[in-house]
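With chain A fixed as given, assemble chains B and C onto it according to the hints.
Top to bottom, those sequences are chains A, B and C. Quick note on numbering: this note's numbering labels position 602 of the first sequence as 602, and the sequence is numbered without any gaps. Quick note on numbering: this note's numbering labels position 132 of the second sequence as 132, and the sequence is numbered without any gaps. Quick note on numbering: this note's numbering labels position 82 of the third sequence as 82, and the sequence is numbered without any gaps.
Quick caveat, the hints were computed from the structure, so don't treat them as lab data. Some clues are possibly wrong.
[Stated by the list, open to error] List of simulated lysine to aspartate or glutamate pairs, EDC-like, C-alpha gap at most 16 Å:
#	chain 1	residue 1	chain 2	residue 2
1	A	LYS621	B	GLU105
2	B	LYS124	A	GLU499
3	A	LYS69	B	ASP26
4	A	LYS607	A	GLU748
5	B	LYS153	A	GLU499
6	A	LYS46	B	ASP9
[Stated by the list, open to error] Facing chain A, according to a computed beta carbon distance under 10 Å, are these residues of chain B, among others:
#	residue
7	ILE10
8	PHE16
9	ASN17
10	ASP24
11	ILE33
12	PRO44
13	PHE51
14	LYS97
15	PHE135
16	TYR142
17	LYS160
18	ALA162
Source: prediction; values computed, not measured. Note that beta-carbon positions come from the ideal geometry of N, C-alpha and C, so glycine has one too.
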Amino acid sequence: MAPIDNESLHKSLDNLSLNNESTFNNVKLVDITTQLDHFCSKLEPKAIVKEPLFDLFQGTHSLEINNPKLDSYLIPLTKEEIEFDCDVKHGATPEEDLKYVASISDRLLRYVVSWLNEYQSLPTTLLSCRYMERLLNIKPSQQQVYISYETGDPLYDKALASLVIGVSYFATFIKGLLFKRVIYEEEDLNFNFMGIQGFDKLPEQEDVLHALTESIEYIFKLYGNNLNDYSTHLINILKAVRCLVKIENVITKYSNETDYLDKLIQIATYLDGNELKFDVPMGSFSMSIQKSFSNQFPPKQVVTPGKNYLGLTTMAQDIKLILRVAEIDTAVEALQFASFFNKLKQRHVLARALFPLFLVRENGEVIGKFSLEDFVFSHCMEFSLMSAKIVNEINASDELNNLLSPRLQECANVLYEFYQNTSQNTARYRQGYNRQLLLWDSAQAQLETVEMTLISNKVHDVVKNNDGSEIPLMPYASWVFTMKVIAMIEFVLKGFDLEVYKPFETFDMYYYTYHLSHQLQACLDKVHQFIVKKIDSIHSMNKKIKKLKAGEKKEKLKLTYTTIMEEETPQLQTNKQYLNYLLLQCNMNKSLSLFQVLQFAILKSVKLIDNKAPLSSKFVKPELIHNLRFKTFSSIGVPELPDYKSFQETLEGFVIHEDVNSPSFVAQLERIKTYMIVQINEATKCIKTIIRAIEANDKNGEVFTGTRLIKDDALHYYNKYLGSTLTLQANLEKLIERIKNKSIKNDESTVILEFQPDSSTYFPTLTVVDQQK
Amino acid sequence: MSIIYKPLDINNLSHFNKIKELIDIDLSEPYSIWVYRYFLNQWPELVFLAFDSDNTSTDLPIGCIIAKSESHRGARLRGYIGMLAVDSSYRKRGIAKRLVEIAIEKMVEDGCDEIMLETEVENKIALRLYEGMGFLRVKRMYRYYLNEGDAFKLILPLTKRACIRSTFLVNEQGVNDSNIVI
Amino acid sequence: MEELSLEDIVGNTLYVTVTYDEDIVLVGKLEAIDAQGNLLINFVKEQSNKNQKSPHQRMLGLVSIPRDTIVSIRMEKDVLAKKQVLKQDLLSKVI
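One chain only, chain A, in its complex shape (with noise of 0.2 Å):
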């Protein structure tokens, strides 16, 4: 590059004209506005002319200068906004003050409640007060955020600053876990903090706390024992909010107290039940902080908050919820827990972004206890690998350690993937799966190799075959494969949920549920079988010691058995349990499974339903269709996904292609019914099983749930599992009606899939609705 002189330089100034020169903020400056117009009118009409690194799409999400959706300039503000002023009281009286500070306290709760449960924004609600914004407005010179107003008033300047410093804290912690990544700025919360420095300078915990204690005495010698509606509506105010600067204890302190969080539940029980009406001083909620404040959002209205204490009361609730992980005894409570306490309802978006931290710790450790890869051995022990082989094998040998440490690291990795995902709202926590598939799989294949290491030195256990030819039992990807396979099964019921799939995909769907389930069937067999012979092996040992003449040999094997005794016997049993539970859950989802597939074959049967997307239009493809849907498990190692004529094959396999007038049809129809019961009954029995031992704590010696810690949530699924052998039978019965009677018009009827009052959503009925004309 040339090095400019300034001779050229005065030359080249020389050449622009000097009349349309001016100087903005000591820089001089140019207009060029005609000749920019001059160049654009030189354009082709579709040129653009931009920075070439810069992408265009990024220009889909811009501001527009006098666009009222996409300018905020434009926002119109009153007098009372303009001029409003924090610094001076607002009511003419004593009392009309404190009504005044108890209003904006109260408004501001609220908001809290509209953030956080309602999914505003902060800036139409706790932004949109200018108390709020005249504390956290700071100077970037200023070190911290004082609490205080100057309108020489206590009320105000004390307590209410006090209130407005409090919450901000909250909301900081708040934004802290939003970079933790736990859950996502826009769909499960908003932190538009409008470029306000004053959040990452508040006071210390410790201090904020001080401060609202201060307030609440002072509040409390004011009005000595003379407490009105206001002022006690105040201190119960500044109480809870207290209790919300305490909250980020979960994580800082890693606390499970709950003392602050019952305390929440009370005020927002008391306000609820003792709501004030009263307004607020005219402008000090405003949008004016759009206008005039950082702000790279189109404008939006103020929240109007609604009588929303009762969501604190959901918030401590649901925090009270995950803190009970604290007291997790084995890796399948764990796995329990996670899997039930988001499960049927989403849980408030404080709690699921709590849950991973408070669950694994900054150093890696699950509830403080155990390091991720001794958390993977656990569920690994608590499943196929007690009195395994292999444990000792691994104990000995560095080799093999070595071999085996890094796979049981990737599956560590996945572990606390499946343990974040749990808490994610609930479409993400769906396509959370999506990926996650691909994890275990891989991890599967690896462990499979290293296993196959051990069964060439001949040192596995195996268990025998239906056919009596012996298999591996391979305990660390049995696991794997068991932790991918209910995911998979989840992965696809979950559709259902999220109405993700057409009436014409139920059979599709359900089938492979059904094909997912008899091979982790398989599987849980193996392991099951594995565990039981073990135990016999014990009990053998007993007799063999009975046998035996006194001895050292008999002292020797009495000394193991005793080992053995204590230190496998009770973990095996517990594992096979666990395994009669997971067998009762596998069979229940492979019951209905069936049993939805054969009610699809009827409906095909009497041509109200296809498994191919209706051939409406020319686009319409439906082996690409069906071979979309399963994208997600083409790829999948084991089990492999049957192809699109094996799906075909089935349904044609089920449906019956006589006449439907023929007294062959009804036969066939009555065959299938029959069937379709024992398919019930078959899941009854089940979900009955799994109920009864969750209802006695998993102490009756059949099943082991795990659920201990997450009761309620558990049986609230299992009996909505119920409730849809119910539902779904009920179905079943008014469609055999229907053929029966010929009250189905083929032009007039269509399948829906229909969610019933107290069933699984994962298990919605085909239902035959008549179309309106």
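Coordinates of chains B and C only, in the frame set by chain A:
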């Protein structure tokens, strides 16, 4: 009444303004000029307009569809339907459907492997229209729109490539756009 | 500035006055411009000089400025001059 369909003439500014008007009326999401510039100037051949040929008083479109097509993760060519709007006095005459068909035909011709779009879960009319053409709900997205509703992501598969995870397509092909240093 | 082109202007800081009823200048980097003269400006600073002692300003990010809202577009004199010199220099070398 006869409706005729034409590709966009990007040089016609009054058409550009009318398209903007048709869409702004319909949509809750606020769009700036640059939303239209992004689509129309880069993929003018994927914009189609509907005109009422009986109405001689004006030559402005009464409906439009706006689309684009791009490589998706270097694995497949993905078409995307960005916007679709028909003047309210011309609805229920299959104009929207025809516009979608024309756009899909063009994308098929261009060799797209799939066509994607998003629509609100509550927008039953749009769902019926697209699902009737073979679009599949591939996933649900939580609170996707500014007006706070969930959305479905819909895909119409056009080739086998649409049914294979992009990770595996890239490996199979041995080419990944992200590896190409520009 | 006949010898300059739009490519020279794009990427530079522009000072845009729009049809607001007060003295506000939008300062930001020109990312794109279309044939109608609509601008897409990034890292926009909205600056009001109503109050000379403490000029109010805020950041708006990426902003579309339609041509019909524009009163004037200005560019830094020094930057413009350097562009021109470079261009002239280049031209003279080519010739």
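Comparing the hints with the structure gives:
Of the supplied pair hints, the one linking A:LYS621 and B:GLU105 holds, its CA atoms being roughly 14 Å apart against a limit of 16 Å. A C-alpha spacing of about 13 Å is found between B:LYS124 and A:GLU499, which places the hinted pair at or below 16 Å, so the restraint holds. Between A:LYS69 and B:ASP26 the alpha-carbon distance is near 14 Å, which keeps this suggested pair within the 16 Å criterion. Under the criterion of a C-alpha separation no larger than 16 Å, the hint pairing A:LYS607 with A:GLU748 is consistent with the structure, at around 12 Å.
For the hint linking B:LYS153 to A:GLU499, the alpha-carbon distance of about 12 Å falls within 16 Å, and the restraint holds. For the proposed pair A:LYS46 and B:ASP9, the alpha carbon gap of about 9 Å is at most 16 Å, so the pair holds. At about 4 Å, the closest approach between the beta carbon of B:ILE10 and any beta carbon in chain A falls short of 10 Å, and the interface hint on this residue holds. The restraint placing B:PHE16 at the interface with chain A holds, with a minimum CB-CB distance near 9 Å, inside the 10 Å limit.
Among the interface hints, the one on B:ASN17 is violated; its C-beta lies about 12 Å from the nearest C-beta in chain A, farther than the 10 Å criterion. Using the Cβ-Cβ criterion of 10 Å, the hint placing B:ASP24 at the interface with chain A is satisfied: the shortest such distance is roughly 9 Å. Annotation: interface hint on B:ILE33 holds; nearest CB of chain A at approximately 7 Å, less than 10 Å. About 6 Å separates the beta-carbon of B:PRO44 from the nearest beta-carbon of chain A, less than 10 Å, and the hint is met.
A least Cβ separation of about 19 Å between B:PHE51 and chain A goes past the 10 Å threshold, and the interface hint is therefore violated. Evaluation of the B:LYS97 hint against chain A yields a held restraint, the C-beta minimum of about 9 Å falling below 10 Å. Interface hint status for B:PHE135: upheld, as the beta-carbon distance to the closest one in chain A is roughly 9 Å, under 10 Å. The criterion of a C-beta within 10 Å of any C-beta in chain A is met by B:TYR142, whose closest approach is roughly 4 Å, and the hint holds.
Interface hint at B:LYS160: satisfied, since its Cβ lies 7 Å from the closest Cβ of chain A, which is below the 10 Å cut-off. Below 10 Å, beta-carbon pairs count as interface contacts, and B:ALA162 has one with chain A at about 6 Å; its hint therefore holds.
When the structure is compared with the earlier hints, violations turn up for hints 9 and 13 and for no others.
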